[in-house]
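Colleague: Here is how the chains run, residue by residue.
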Amino acid sequence: MSGRIFLLGDNIDTDQLAPGQYMRGGLDMLAAHCLESARPDFAGSVKPGDVIVAGKNFGVGSSREQAAEALKHLGLAGVVARSFAGIFYRNALNLGLPVLVADNLDGIADGDAVALDPVKGELRLTDKNQTVRLEPLPDNLKPMLADGGLVPHLKKRFAAEREKEAGA
Amino acid sequence: MASTLAQKIIARAAGVETVRPGDVVTARVDLAMIHDSGGPRRVEPILKELGVGLFDASKVVLISDHFVPGDTDEGARILELTRQWAKERKVAFHNGEGICHVVLPERGHLKPGMLVVGGDSHSPTGGAFGAYMFGIGATEMAGVLATGEIWLKVPGTILIECKGQLSPGVLAKDIMLALCGRLGMDGGQYQAVEYTGEAIAALSMQERMTLSNMAAELGGQAGLIAPDATTAAYLESVGGSAGDWHGLVTDPGAELAAHHVFDASALEPQVAAPHSPANAMPVTEAPETRFEVAYIGACTGAKYEDLKGAAAILRGRKLAPGVALKVAPASMRDQQRAADEGIMTVFEDAGAQILPNACGICAGYGADRLGEDVTCISSTARNFQGRMGAASSKVWLASPLTVAASAITGRIADPREFLADAEGAA
Chain V
1 MSGRIFLLGD NIDTDQLAPG QYMRGGLDML AAHCLESARP DFAGSVKPGD
51 VIVAGKNFGV GSSREQAAEA LKHLGLAGVV ARSFAGIFYR NALNLGLPVL
101 VADNLDGIAD GDAVALDPVK GELRLTDKNQ TVRLEPLPDN LKPMLADGGL
151 VPHLKKRFAA EREKEAGA
Chain P
169 MASTLAQKII ARAAGVETVR PGDVVTARVD LAMIHDSGGP RRVEPILKEL
219 GVGLFDASKV VLISDHFVPG DTDEGARILE LTRQWAKERK VAFHNGEGIC
269 HVVLPERGHL KPGMLVVGGD SHSPTGGAFG AYMFGIGATE MAGVLATGEI
319 WLKVPGTILI ECKGQLSPGV LAKDIMLALC GRLGMDGGQY QAVEYTGEAI
369 AALSMQERMT LSNMAAELGG QAGLIAPDAT TAAYLESVGG SAGDWHGLVT
419 DPGAELAAHH VFDASALEPQ VAAPHSPANA MPVTEAPETR FEVAYIGACT
469 GAKYEDLKGA AAILRGRKLA PGVALKVAPA SMRDQQRAAD EGIMTVFEDA
519 GAQILPNACG ICAGYGADRL GEDVTCISST ARNFQGRMGA ASSKVWLASP
569 LTVAASAITG RIADPREFLA DAEGAA
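One line per chain: the protein sequences are V and P, in this order. At position 50 of the first sequence (counting the first as 1) the number is 50 in my numbering, and the numbers step up by one without a gap. Plus 168 on top of the position in the second sequence (first one is 1) and you've got my numbering.
Take the hints with a grain of salt, since some may be wrong.
What the hints assert, rightly or not - Stretches of chain V that chain P covers, calculated by requiring three or more beta carbons in the stretch to come under 8 Å of a beta carbon on chain P: (1) 3 to 15; (2) 40 to 51; (3) 75 to 83; (4) 90 to 98; (5) 121 to 129; (6) 146 to 152.
Hints listed in this document are in silico derivations from the structure and should not be mistaken for laboratory results. Here the structure is a predicted model, which means the values were calculated and not measured. For every residue, glycine included, the Cβ atom is placed at its ideal position computed from N, Cα and C.
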């Protein structure tokens, strides 16, 4: 799937991604206000397949996983950043939203046409004919992301355990 | 092998002899803490979908603090759902008794050496008791509740050594704002932050909790302090036990990710400008700033000792015209103690408004959250744009002493100017 890049800076925090005052509402409302203080045009213009490229410490702040959930709800293909805050990183992968680290973001511009391949660890800038190498996902997390996140992954595990018990 | 405190706790929980930084391990969880926001309403649907129950109900603690006092239909509904779940799932439940990070140790649930997960980003607070405690999101918490397990990448340890002693009027909160300024909000690199040194050894448990709490703002996974006699005495006073804590230290010669040494005696009270705790500066260098709201609240800045210190400054004084002081004591127990000692009366006499023992404004909840263009000085941990209310509001972070002094003057003020006749404020 391909889309466009939204280029953001350092320290994009969870209150920008999932503002506290909309936490009582449903995911639709929360997603509609996602990033409104940093990037007012984001929620209204993001399309499935788009990718956020950001600086360091993306997702800093709260443990509220709605920060990652809102991005997934809007159809984002993934986030590429120089670094991620620890809890956000775990939350995103648990929810099946690819998050990948890149050392070098040179040559990437806002609005670039892009295709993200989280398995290969590649961000292809399709109009520029340029490929940005991403750090591979940790081995222990690859099966979970392949299953679509923690819940489907655990479902599979419990099903296998039940099958084993039934067979024993 | 010489090991860090973090390595020792993780190795024990993972059932192995030793672990090295970078190892990925699966550990058994000794305790899981959840609250009303990320708790039952989000984990129960996942448990249902998985078709499993709790791994061990005796190792789960549920604390309602985000939607308290339930002053909206939605909030009241969530609190009721939370209460029902506690009953059905037979877990320890604290309802409206205060903020989870303060209630958990106060009710004797924590013990040195435990591996604990909390469904909240300020979960490193438990590190003050020598527990490896860290925050996770709701889906991961559902996984823990279903399996009793969590994966960890064994962290390196960033040792923060504070030499000397804090001066009067300077608190643990000032140490943390200064550290956020120096190291940045990603200085912790999702590693284990460990505080050590003379200044730390001299701190009370509540002050140590403030240090561990704000390991979150440094970007650490955990914020540890090796247990000592102070820890053991606190745990006994709340009906718990420290157990055998003597070996829970970072061994001399253990490999460290970083070792920062600070002189605590040179530290001045700090403030952090909007919209980041890393925008820290000494209060003496802060620009002339006026504000409409002064807030003493949150797990970070409204525990008993915070209230006591702030009251010592406010005693016999009035708020500056145009300033609203709002005080949300971090726990019911801390508020009760403060009331017994006449501390709550000081706030009332000064003209402060007392709010429920809950997360409240700090997390952007409740009718008191900040309106458009409001400027606030706050004893909380984080001042991200829009966190405490409108996106146009601006929050300055400070210690509860600095917030109290500023509420009297109506502009950012140095609490040390009020200490001469406020003995015991430090």
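Colleague: Of the numbered hints stated previously, which ones are contradicted by the structure, given in increasing order?
Modeller: The structure breaks hints 2, 3 and 5; every other hint is satisfied.
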